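A.B. asks: Starting from two chains that each stand alone, build the complex the way the hints lay out.
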Amino acid sequence: MVGLSAGEKHFIQGGIAQDLRADGRKRLTYRPIYVETGVIPQADGSAKVKMGATEVIASVKLDLARPNPSQPGKGKVSLFVSCSATAGPMFEGRGSEELSTELSVALQRCLLGGKSGAGAAFDPSCLSIVDGKLCWDAYIDGLVVSADGNLLDALGAAIKAALTNTRVPVANVPAGASLDEDPDVDLSSQETTRIDTSGVPVIVTLTKVGRHYIVDATSEEESQMSSAVSVSINKERRICGLTKRGGAGLDPSIILDMISVASHVSEQLMNKLDSEIAAAEADEQDI
Amino acid sequence: MAGRGGSTPATYSPSPATQNKKKKAPIFTDSDWVRPDTRGFTQCRPAFFRTGAVNAASGSAYAEIGDTKVIVSVFGPRESKKAMMYSDIGRLNCNVSYTTFATPVRGQGSDNKEFSSMLHKALEGAIILDSFPKTTVDVFALVLESGGSDLPVVISCASVALADAGIMMYDLVASVSVSCLGKNLIIDPVLEEESYQDGSLMISSMPSRDEVTQLTITGEWSAAKIHEAMTLCLDACSKLGKIMRSCLKEAALASQE
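Sequences listed follow chains A and B, in order.
Residue numbering for the first sequence follows UniProt numbering, starting at 1 and increasing by one per position.
Residue numbering for the second sequence follows UniProt numbering, starting at 1 and increasing by one per position.
Wrong hints could be hidden among the right ones.
With a cut-off of at most 20 Å between alpha-carbon atoms, the simulated EDC-like pairs for lysine to aspartate or glutamate come out as follows [claimed, not checked]:
hint	chain 1	residue 1	chain 2	residue 2
1	A	Lys76	B	Asp171
2	B	Lys239	A	Asp251
3	B	Lys225	A	Asp257
4	B	Lys113	A	Glu267
5	B	Lys242	B	Asp210
6	B	Lys113	A	Glu102
7	B	Lys225	A	Glu97
8	B	Lys225	A	Glu102
9	A	Lys61	A	Asp19
10	A	Lys9	B	Asp138
11	B	Lys113	A	Glu97
12	B	Lys113	B	Asp138
13	B	Lys249	B	Asp171
14	A	Lys50	A	Glu236
15	A	Lys235	A	Asp274
16	A	Lys26	A	Glu236
17	B	Lys183	A	Glu236
18	B	Lys81	B	Asp138
19	A	Lys50	A	Asp123
20	B	Lys113	A	Asp141
21	B	Lys81	A	Glu98
Hints listed in this document are in silico derivations from the structure and should not be mistaken for laboratory results.
Quantities reported herein were computed from a predicted structural model and do not represent experimental measurements.
Looking at chain B on its own, in the form it has when it is part of the complex (with noise of 0.2 Å):
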C-alpha cells in the first residue's frame, strides 16, 4: 500500500559484486598474481579442526580453511548389508556432498560427483582394515561452504573424524592442493584463484611414514615442475598433520579431564 504513490520504498539490493558474473581476462600473466588475501604462494591458509561436532555419529570433525567450511560425521564399524558378500577385509563406504547454498550459485556443488571416490581412494591406503572384518564404516562428508581446495579439506577432515572414531589408521592423511598460474605455484588456492588456474596438483599424503596415497594432476607440466610442487605440498602435509595431531591431543586430554 505504501507504495502505491509511485515511488518505489528504498530496498536492499545485493552488493554488485554477488551480480558481476562476467569474468574478467586474467592480466597476471606478465606481473605475479597477487592473492586475494594477501598470502604469499608458497604460505596455506590458517587450519582449525575440532573433534566431536555430531553427537550422534561414532566420530566426527569440523574443519575451517580459510573459506572452505567441512563437516564429517564417521559411522561405524558397523554390520554390512546382508546383500553384501562376505569379506575378510573391512570396507569402506565414502560419500562427499555440498549443501545447496555452499557454492556463490545455488547447487553448482553437484558438479563434483566423483569426490566421493577420490575420497575413497585418499582413505583406503591408510586404514587398516583388517581391524574390522565383516562390517563396514561409513564416511560421510557435508560441505558447508566452499572456499577453494575443497576435497583436501575433506580428505583431512574424513581422517580426524576417523581417528576421533576410533578406527584404527596407518597414520592420518594429510591433503594439499597446489594450483599453477602462468608460472607460479601457488598452494591452497581459494576459489578465485582455482578458477584461472592453468593446472592443479593435489597430494594426499601420510606424513610420518612419507608415503602419496592419492596424487592428481591435472593441466600440463613439466617434470621439473611436478618435483617443485611436490616437495611444497609434501612440507605442508607434514606441517598440517602436526595441526592435526594437536587437535586431537587436545580433544584426548579434554575428555580426560
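So here's chain A without its partners, still in its complex pose (with noise of 0.2 Å):
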C-alpha cells in the first residue's frame, strides 16, 4: 500500500466532512456489488464478491460427522477466513494471521450467534440426518484475493451467498443399518436439499473519520480512521453481533449512534444482497 501524503490525508478527512468522498460518492453509500456464485465445482456452495477493488471468495464444504453430544440434532459449523498472498506482499506467509484471525473471530461472532444457538446466521438443525448419531458439519472458508479496504462487509455479503448457493445432498441412510461404526450411507448426488439463509445477516462497517461516520471504506479512507464499528444486522433489524475496531475510545452516546445508523444502511444493502444473488443464482441455473 503506497504511503499517503499531508495533502491526500487533508483531502480525504476534508471530503468525508463535506459528504463528497474521493470516489465521488457519499458517505453512507456503498461501492457497486458484483455477486457471482458457483465459482468453485468441488465446493458445495462458493460464491465470489466484488466491491470496488475488494474481492473476497467464500466457499461452504460439508462433511459427514458425528453430531456433538451436547447438541445432537445439529450440525456443527465452522468458519476461517485466509488472506491470499495475492492481496498484497505483506499477506504472504505469517503476516496475514492477525488480519486472519480478526476477520475469522469477528465473522464467527456475527455469524454464528451465541453458545446456545440464538442469533445464529441459519438453524443448523437443518445439516443433521439423523439424530444424535450423525450430520453435516458446515466448513464455510473465506478468501480474500484482493484487499481494498471494508473487507468484513464483503466477505460477509460472500457468506450469505455462499450459503445460498449451497446444495446439501439427501443422505439416504439404510433401515436398520447400525450407525455406531461408519455406516454406509447412500448419498443422492441429485436430490439435493437448500438452506434456508433468510435469517442470514449482513454485516455494516462504520468507519469514524474525524467526526463524521462512512460506509464501506477503501484502504485510503481506512488508514485515516479513529476507530470503526462493524454491526450486523438480521432482516428483523435485530443486532447479531458487533465488534469495534481501532484503538481510539468512544463515547457511547456515538455508538449508540453509529448502530442506529448501521441499521439504516443495512436495510437498502440487505435489499441489493437479496437482489443480486437472485440474480446470480438464476444465472447460474441457465448456464
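C.D. replies: Structure, rendered in C-alpha cells:
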C-alpha cells in the first residue's frame, strides 16, 4: 500500500466532512457490488463478491460427521478466513495471520451467534441427518483475493451468497443399519436440499473519520480512521453481533448513534444483496 | 499386595459432579434464572487486586474476581527487536495464555487464542504510546483459574499492572461483561451462566473519560436491549475503576512507609 502525503490525508478528511468522498460517493453509499455464485465446482456452495477493488471468495464444504453430544440434533459449523498473498506482499506467510484471526473472530461473532445458538445465521438443525448419530459438518471458508478496504462487509456478503448457493445432498441411510460404526450412507447426487438463508444477517462497517461516519471505506480512507464499528443486522432489524475495531476511545452515545445509522443502512444493503444473489443464482442455473 | 484378597480397598473417587458431563437443558425459559452464587442480576462479584505479584517484572498485578484468578506482568519499555521497523511511537505486545489446569477440562483454555489481540485492542486506546518511542511494552497475562468472564478480568488486571509499571496512560481501563439468558440480563457471569447464554456483551471503558475502548456483542439483541446493557456495564465499570484506583493508592502508600 502506498503511503499518503499530508495533502492527501487532508483531502480525504475534508471530503468526508463535506459528504463528498474521493471517488464521488456520499458518506453512506456503498460501492457497486457484484455477486457470482457457484465459482468453485468442488465445493458444495461458493460465491465471489466484488466491492470496488475488494474481491473475496467464500466456499462451503459439507462433511459427514458425528454431532456434538451436547447438541445431538444440530450439525457443527466452523468458519475460517485466510488472506491470499495475491492481495499484497504483506500477506505472505505469517503476515496475514493477525488479520485472518481478527476477521475470523469477527465473522464467527456475527454469524454463528451465542453459545445456545440464538442469533445464528441459519439453523444448524437443517444439517442433521440422524439425530444424535449423523450430521453434516459445515466448513465455511473465506479467502481475500484483493484487499481495498471493507473486508468484513464483503466477506459477510460472500458467505451469505455461498450459503444460499449451497446444495446439501440428501443422505439415505439404509433402514436397520447400525450407526455406531461408519455406516454405508447412500448419498444421492441428484437430490439436494437448500439451506434457509432468510435469517442470515448482513454486516455493516461504519468507519469514523474525524466527526463523521462513512460506510464501505477504501483502504486509503481506513488508514485515516480513528475507530470503526462493525454491526451485523438481520432482516428483522435485530443486531446479531457487534465488534468495535480501532484503538481510539468512543463515547457511548456515539456508539448507539452508529448502531442506529448502521441499522438504517443495512436495509438498503440487504435488499441490494438479496437481488444480486437471486440474479446470480438464476444466471448459474441458466448455464 | 493388600488388594490380592479379592476386595478392592476403598479409594478416593472424584465427586459425582465432576463426572457428570451431560448438559441438562436450561429450565429457566419460564421462570427467572437463579444464580448459583445467589447474587442479584445486576450484582458483580467482589473484586480483589494486588500489585507487585511478580518481582522480576517492571510491573505486575494479581486479580481475583469470584473464582477467576489472573496474574499479569508487564515488561518494559524495552528495546524493540532489531527486525522491527523504526517507529516514532511505542509498541504494545500482548499475550494471554491459560494454564492447563485453569479450566474444568484440561487444556480447554487453548480455544481462546483471540484473547491476545482483544487485550491489545482494549489497552491500546488508553496507553500514551508517544511516551516511549522506538521501544516495546510487553504485557503477559496468565489465567490461573477460569471462573467465567475471563477476558474482562484480564483487561482490568492488565491496566493495574501497567499502572504499577509506571507506563503513562490516559486512564485505567475497566472491563465488564453482561450475559443475556432468555429475557434476563445478568452481569459478570460465571462459567455455568456463560455456557447457557444466548448472547453476551463485553465493554472495556475508561471510566473517568467516559470513553469506550472496546465493545463486542454476540447473539441476537435489539437496540433497546443494547442500550440497557451498555448503561449497566458502564456503571459497573466506573465502580470497578474506583476499586482499582484504591488498590493502587494502597500499594503506593505502603511503599512510601
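A.B. asks: Is Lys225(B) within 20 Å of Glu102(A), Cα to Cα?
C.D. replies: Outside the cut-off at roughly 26 Å; violated.
A.B. asks: Within a Cα-Cα threshold of 20 Å, do Lys50(A) and Glu236(A) meet the stated pairing?
C.D. replies: violated, 26 Å
A.B. asks: Regarding the pair Lys26(A) and Glu236(A), is the alpha-carbon distance no greater than 20 Å?
C.D. replies: The given pair, whose Cα atoms are some 26 Å apart, is violated under the 20 Å limit.
A.B. asks: Given the hint that Lys113(B) pairs with Glu97(A), does the C-alpha gap stay at or below 20 Å?
C.D. replies: This hinted pair holds, its Cα atoms lying about 12 Å apart.
A.B. asks: Going straight from one Cα to the other, do Lys81(B) and Glu98(A) come out at no more than 20 Å?
C.D. replies: holds, 19 Å
A.B. asks: Keeping to a limit of 20 Å between CA atoms, is the pair of Lys113(B) and Glu102(A) held or broken?
C.D. replies: holds, 11 Å
A.B. asks: What's the verdict on Lys61(A) and Asp19(A), does the C-alpha distance respect the 20 Å limit or exceed it?
C.D. replies: violated, 42 Å
A.B. asks: Quick one, are Lys113(B) and Asp141(A) close enough, alpha carbons at most 20 Å?
C.D. replies: holds, 19 Å
A.B. asks: Please work out if Lys249(B) and Asp171(B) have their alpha carbons no farther apart than 20 Å.
C.D. replies: Distance ~15 Å between Lys249(B) and Asp171(B) Cα, so the pair holds.
A.B. asks: For the pair supplied as a hint, Lys225(B) and Glu97(A), is the alpha-carbon distance within the 20 Å limit?
C.D. replies: violated, 34 Å
A.B. asks: Measure nothing beyond the straight line between the CA atoms of Lys50(A) and Asp123(A); if it is 20 Å or shorter, mark the hint as holding.
C.D. replies: Given pair Lys50(A), Asp123(A) is violated - Cα atoms ~27 Å apart, limit 20 Å.
A.B. asks: Would you check the hint for Lys183(B) and Glu236(A), treating anything up to 20 Å between C-alpha atoms as holding?
C.D. replies: holds, 18 Å
Checked against the numbered hints listed earlier, the structure breaks hints 1, 4, 7, 8, 9, 10, 14, 16, 19; every other hint is satisfied.
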